[in-house]
Each structure stands twice: as structure tokens, then as C-alpha cells.
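K.L.:
If you want the building blocks of each chain, they are given just below.
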Amino acid sequence: MSRRPLILVLILVLAFGLSATAGAATTIHYWHYLSGDYAEIHEAMVEEFNALHPDIQVELLYTGNQFVTRDKLIAAVAAGQPPHVCLVDQFWPPLMVATGALVPLKNFVDTDSYFADFNQISLDTVTVEGEIWTMPFSLSNQILFYNKDKFREVGLDPEKPPATWEELLEYAKLLTRDLDGDGRIDEWGVNFTTRANMGAVYTFITFLWQAGGRIYNEDFSAAAFNDEAAVETVQFWRDLAHRHKVLNLSPPQEGFETGRIAMQIASTSSIEATKRKVNFDLGIAPLPSYRQKVTGVGGSSLAIFKTTPQEEAAAWTFVQWMSSPENNLKWSTLTGYTPLRKSVLASPEYQSYLAENPAVQVVIEQFQYARARPNEVSYADVSRILGVAVEEAVFGNLDPKPILDNAVAEANTYIEMSK
Amino acid sequence: MDARWLAKIKRGVIYLILCAMLIVMVLPFAWMVLSSLKEEDEVFTYEMSWLPAKVTFSGYVRALNEQPFLRYGLNSVLVSTIITMAQLFSSVLAGYAFARLKFPGRNLVFFIYISAMMIPQQALIIPSFMLIRRFGLVDTYAGLTLPFLAGPFGAFLMRSFFLSTPTSLEEAAVLDGCSRLQVLAKVVIPLSKPALATLGLFTFMQAWNDFMWPLIITNSVNMRTLQVGLALMKTDIYPDWPMMMAATVLATLPIIGAFLLAQKQFIESLAFSAVKY
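First to last, the protein sequences are chains B and D. Counting in this note's numbering, the first sequence runs from 1 upward without gaps. Counting in this note's numbering, the second sequence runs from 1001 upward without gaps.
Bear in mind the hints are in silico, worked out from the structure with no lab data behind them. Where hints are given, some of them may not hold.
[Said to hold, decoys possible] Simulated pairs of lysine to any residue, SDA-like, Cα-Cα distance not exceeding 25 Å: (1) B:LYS306 to D:SER1220; (2) B:LYS330 to B:HIS53; (3) D:LYS1234 to D:PHE1044; (4) B:LYS245 to B:LEU156; (5) B:LYS306 to D:ARG1133; (6) B:LYS277 to D:PHE1044; (7) D:LYS1234 to B:VAL278; (8) D:LYS1234 to B:ILE74; (9) B:LYS277 to D:GLN1067; (10) D:LYS1234 to B:ASP89; (11) D:LYS1234 to B:TYR62.
[To be verified] Computed Cβ-Cβ distance ranges for the label pairs, DEER-style: (12) D:LYS1234 to B:ASP281: 27 to 35 Å; (13) B:ASP182 to D:VAL1013: 29 to 37 Å; (14) B:ARG184 to D:ILE1023: 21 to 29 Å; (15) B:LYS173 to D:LEU1006: 54 to 62 Å.
[To be verified] Derived, one-sided and incomplete: chain B residues facing chain D with beta-carbon distance under 10 Å: (16) TYR62; (17) GLY64; (18) VAL68; (19) ASP71; (20) ALA75; (21) ALA76; (22) GLY255; (23) GLU257; (24) THR258; (25) SER270; (26) ALA273; (27) ASN279.
All of these numbers come straight from a predicted model, not from anything done at the bench. All C-beta atoms in this analysis are idealised placements derived from N, C-alpha and C, irrespective of residue type, glycine included.
Hey, can you work out the whole structure from these sequences and the hints?
P.N.:
Here it is in C-alpha cells:
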């Protein structure tokens, strides 16, 4: 007798629960790490998607900057509760593929024909072991930011940025100045990330490639970053810091933006933000080069994680929409990121945008020299070891050769394990 | 005479060292407070300046408006308080049992329990996450607090404290007809205020400052704690430093409050325990 109300309540709850799920849209949890204006543009795109797709509801969650998001994502994947979709940085896919949590895009579509419109470099960044795993979303590369006012002050032509390593050093020497004569340097010539935990390796491998060096050997069976070119590259960084003292190993925070550093190597993704931040005449140039012209490629892509077929299909609809020709055009012109699609690059709308933004023109011209990082499963470990080795030699002012030899040996054990 | 001079010099040296340490501790704090009162472009000026050119509270306004900062604060208060209360409760019971009750295998059980202190939190995060997920408690207050309600450190601390106190008062209470639990409530706990204040402060600080667990276990904005909110302010490109510093100042206030509270407790309990055994 007394049990009856309870059963009634249960039936009611079940009935409501079922009716609620039957009519509801598929919810897609989407994590990202974009901030500032980019985040607003991006959020507007997601809102538009939701408005156009009543059967799919994308719930956007900012999960912190890249470092924080990666920690959270790895923990979530390990515990078996990843989001449906996550924005991932260019070098995460191999790591994510290795966890087995990703859905390869060939599950949804014939990738060869679907991605025919995408430029090769954007596909290079998302291809692991011959398969496309994530949807390219944004594409950037490294450029040289420089302070034209400082160039004028030291008598350099502000329209002639350094084109070679030699010029980079020469200009940096002129731009590094002790202004008040107290024996301490007040303005530094050049800056780029030199600390391993801040991603120095991303800049380093670009220098390495420019010198003709490489990370892996031909068939990716062993590490190869201890040859003459690699030693020369580390030595160049070491000389910038110690012999010529034009590179500050603990640079002032926002030193370039506040005029304490005259040249800075950074990603094209910060062009718009830097433009707004500085109050001097900002110059943007292709990277200075050495034996080869190379720039490193960065950017992010959209990863779909294994859930239910219905949710995966909804996620696929969403990621396709984000990199559709219309949205890729919108994203590229609003942010300064490089178009992913050949059709977008060739479109009259984009060409007129380029005409109005000569700085972005530099980026596009440089793009033919862009090179993606190797998408090996071992890359995360190999690049970490390389980064630490470079840091050790540069910060410790030590002979690079033995340090690189040791690092190659250590990297080889990881390459071995990943096979 | 000589001995007195020597003592004075010794004291002087100690004060010098203490002052040096004080400066090391206070400088970053002062920088944080002063930066929180600056305009955004003034934090990293060419010539480093300590004092804001013009004091502004706009950093605080942005901190409170741009994110649900008060909600984060409420979550932090709730989570830290639940964890601290539960830890005190469970640690007193466990510590008392390990110190006073006689049961077979007591020391072995205690040894195994405190061995768990050797396992770093990082190694426990994924298994705990999986467990909480199985319970269906991801993104809930229960999920935020459950793994921290009891712990070996608290039991260890309380046991050590109980072992160092004489049993005569408890025996007297038993003779007067108290049960075990009454002895605990009426004699042991009032005498344990210093230990409880220490443990409470430790636990509260740990819970308040914990970042990794709340980061991975929360999936909605409304469940986030202050530390997660602070970390999310540090964006990839150009963080708003005055806002971050303002938020950090606000997030530090409760810890300072907890310290002052515990300090009062320490002094009071010292006065109380001036009983001759």
C-alpha cells in the first residue's frame, strides 16, 4: 500500500525523462582555448551554427589557454570522458591518435575528395600515419615583428628588415643599446622564446630547417638533430645570447610591445593583437633565413572524440561547418589567419582583403616556404627532449655537440618505443 | 655583561634574518596589490614603477564583471568549508582510535593507512576521476569534495597530538561516568584546539588552492572554483594583468582571514592549556 506512490513517482519521472530526450537536440560539448577578440568571433560562429541547426546544440566551453586545456583534455581522455569536440593545437593530434580516443575523419567521408580544396600544408598538420584525423581550422606561421621607430633611431632603413641570419645579428647589435651609460643594457636587439617549457622548440626547428638540418632521419627511424647544421643552429642561438649579448634570456615581460626589444619572432596569430597593443610604427616581415627559406607552421584543428554514432555524426556536421568555404573566408579575414582552402585564397573577397592589409600579404607570400612539424607519435617526446637540450646549451653557455648527442640517444629510445 | 651583549647580538642577527625573509615574502605580495591598482598599460612600463601613477579600481571591476567571479568565490568557499569540516571530523575520530583504542592489528592498519601519504596527488588524479565518473558525479559539488573528505595526513597529525597528551584527564572523565564519545567530545576535543586549528588551516589552504582537480572535474562555468577562474584569466595572448592581480588579491583574502582566525585560536588554546597536570 505504502509503496504505490513511490512507483507512481518513478513512472512519472521515467515518462518525463524519456519524453525530454526524444524531443531534445543532440548536445555537443566543445572545448577551446581562444581568447580576446578571436574568442568573440569564434563564439559568434558557434552561435550562428546553433541557430541554423535546431537539432544540434553546441555548448562552447573556454577551458583556459593551451597549456591548461591540454592538461584538462589529457585527463578527460584518460578517464574516458572527453568532450565531443575539442580545438587542438597543431602538434597534439599524434598524441591524441595514440590514445585511441579520436574518430578518424574517413569514418564520415571519402577524405581524398573531401579535402581536395584544402591546401597541402593544412592537411600535413592533421595527417598522422597517412590518415586525416582532425578538421583543419586555423593556420598560422612565424614572422618577424619589428619596431620601425627603433630602426630609424639607430640609422637602419625601416623598410629593409633583416633577410638573413647575418643581417639579423648585425641589426640586433645596432639595436642593443645601453642608453644611460650605466653598463647595463636597456634595449635588446632581438627576442624569441628560448625556454623549453614555453615552446622554444617550435622556433628552434624553424632555425634548424633554415640551416638545412632535420629532426628525424629519412625514414623516421631515428633522431638526427646532432649533425653539423644542428650544432651550428644551437651555436647561433648561444652566440646571440652570450657572445654578442643581443638576445636576453630572461626578457622583460611584453618587452617588444613596450619598446624594450626591437625585433621579435612570433606567430602570425598575434598580428591583430600586437597591432592594437603597440603605440609605435610596427613592421612585419618574413623570417630571416639562412641556407633555406623556411617558416614553421602552427594553428589548430578540430578533433572529434569517440562517443555514440549519433553524437559523432552531429560533431562531424559541426566541424564541417566551422571550416566551410564561407566560414573559412570569414575567419581568415577577421583574424589574419591564413586561409585553409584554395578556393578561399583565390576568392575576390579575400584578394581585396589582402590588398587592404599589406602585412597579411607578407604572411601569404611567405607561406610557400611553410613547413609542418613531423606528425610522428614520438614527436611530443622527441621535441620535448630537443627543446630541453637546446635550453641546456643556450642557458648554460655550453658546447652544443655533446648535449645534442645525448639528446639524440634519449630521443631514439622514445622513437623505438613508439614503433 | 658579556653574556647579555652576546644575547643581544644573537637577537639582532635573528631579527635581521627575519626582516630579510619578511621582505622576500612581502615584495611579491606588494607588487600584486600595487599592480591591481594600475591601468592596464602601466604594469610593464619601460622604467619599472612601483606605485600606480593614478590609483584605479577598474581592474577589480573587470575581475568581478567579466567572469562569474562571485560564483567562483562561492563555490570555493563551499567546497573548502565542506572539505575542512569533514577532514576535522574524520581525522579526530581516526586519530583518536589509532592513539587510544586497543584493537588487533591497529599499528599495521595505521602503517598501511599512512603509507598512502607517499603517493603523490598527480598519480591519484586519473583513478579518482574514473571513480567519480562511474558514480556520475562529474561537475557536481560531491565530485569536487568527495576525494578529500578524509585523509591519512589528518589521522597522522591527530594521532601524534593525542599520543603527546597525558591520559590522566580522560581517565578522570571515565571515572566520572563518561562514555568514550563523551570523553572525546567533552575532554579531548577542547584540549586539541591547537592541533585542530593547524589541521583546519592546512586543509582549508590546500582545498582553497587546489587547481588540478577542480579544473578537470568541472565542465560548466557555474561549478568552477576561484583557482580555475584565475587560471582561465591567463590567456594565450596579452592577459589583462591588473584584472588578474585584482582577482588574485580577492582570492587571497579568505586565506589571510583563515590565518588570523587560526592565530586567535592558537593563542586562546595556549591560555587554556595552562593547567597543571
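K.L.:
Does each hint hold? Answer for all of them.
P.N.:
Tested hints:
A threshold of 25 Å between alpha carbons decides the hint, and for LYS306 of chain B with SER1220 of chain D the separation of about 21 Å falls inside it, so the pair holds. A C-alpha spacing of about 19 Å is found between LYS330 of chain B and HIS53 of chain B, which places the hinted pair at or below 25 Å, so the restraint holds. A threshold of 25 Å between alpha carbons decides the hint, and for LYS1234 of chain D with PHE1044 of chain D the separation of about 16 Å falls inside it, so the pair holds. Between the alpha carbons of LYS245 of chain B and LEU156 of chain B the distance comes to roughly 19 Å, so the proposed pair stays at or under 25 Å and holds.
Between LYS306 of chain B and ARG1133 of chain D, the direct Cα distance comes to roughly 16 Å. Compliance with the 25 Å bound is thereby established for this hinted pair. A distance of roughly 12 Å separates the Cα atoms of LYS277 of chain B and PHE1044 of chain D; the hinted pair therefore holds under the 25 Å criterion. A threshold of 25 Å between alpha carbons decides the hint, and for LYS1234 of chain D with VAL278 of chain B the separation of about 20 Å falls inside it, so the pair holds. Of the supplied pair hints, the one linking LYS1234 of chain D and ILE74 of chain B holds, its CA atoms being roughly 20 Å apart against a limit of 25 Å.
The straight-line distance between the Cα atoms of LYS277 of chain B and GLN1067 of chain D is roughly 23 Å, inside the 25 Å bound, and the hint therefore holds. A hinted pair counts as satisfied when its Cα atoms are at most 25 Å apart, and LYS1234 of chain D with ASP89 of chain B qualifies at roughly 17 Å. At roughly 12 Å between alpha-carbon atoms, LYS1234 of chain D and TYR62 of chain B fall within 25 Å of each other, so this suggested pair holds. Our hint of 27 to 35 Å for LYS1234 of chain D and ASP281 of chain B holds, since their Cβ atoms are close to 30 Å apart.
Checked against the hint of 29 to 37 Å, the pair ASP182 of chain B and VAL1013 of chain D passes, with Cβ atoms roughly 33 Å apart. Here the CB-CB span from ARG184 of chain B to ILE1023 of chain D is close to 23 Å, well matched to the stated 21 to 29 Å. At roughly 57 Å, the beta-carbon separation of LYS173 of chain B and LEU1006 of chain D lies within the given 54 to 62 Å, and the hint holds. For TYR62 of chain B, the interface hint holds, since its Cβ comes within 10 Å of a Cβ in chain D; the closest pair sits about 6 Å apart.
Annotation: interface hint on GLY64 of chain B holds; nearest CB of chain D at approximately 5 Å, less than 10 Å. Residue-level restraint check for VAL68 of chain B holds (minimum Cβ-Cβ distance to chain D is 5 Å; threshold 10 Å). The interface hint given for ASP71 of chain B is met, as the beta carbon of that residue sits about 7 Å from the closest beta carbon of chain D, less than 10 Å. For the restraint placing ALA75 of chain B at the interface with chain D, the shortest Cβ-Cβ distance is roughly 4 Å, inside the 10 Å limit, so the hint holds.
Interface restraint check for ALA76 of chain B: the shortest CB-CB distance to chain D comes to about 6 Å, inside 10 Å, so the restraint holds. For GLY255 of chain B, the interface hint holds, the least distance from its beta-carbon to any beta-carbon of chain D being 8 Å, beneath 10 Å. Residue-level restraint check for GLU257 of chain B holds (minimum Cβ-Cβ distance to chain D is 8 Å; threshold 10 Å). The interface hint given for THR258 of chain B is met, as the beta carbon of that residue sits about 5 Å from the closest beta carbon of chain D, less than 10 Å.
The interface hint given for SER270 of chain B holds, since its Cβ lies 5 Å from the closest Cβ of chain D, which is under the 10 Å cut-off. Taking 10 Å as the C-beta cut-off, the interface hint given for ALA273 of chain B holds, the closest approach to chain D being about 5 Å. At its closest, the beta carbon of ASN279 of chain B sits 9 Å from a beta carbon of chain D; the interface hint therefore holds under the 10 Å criterion.
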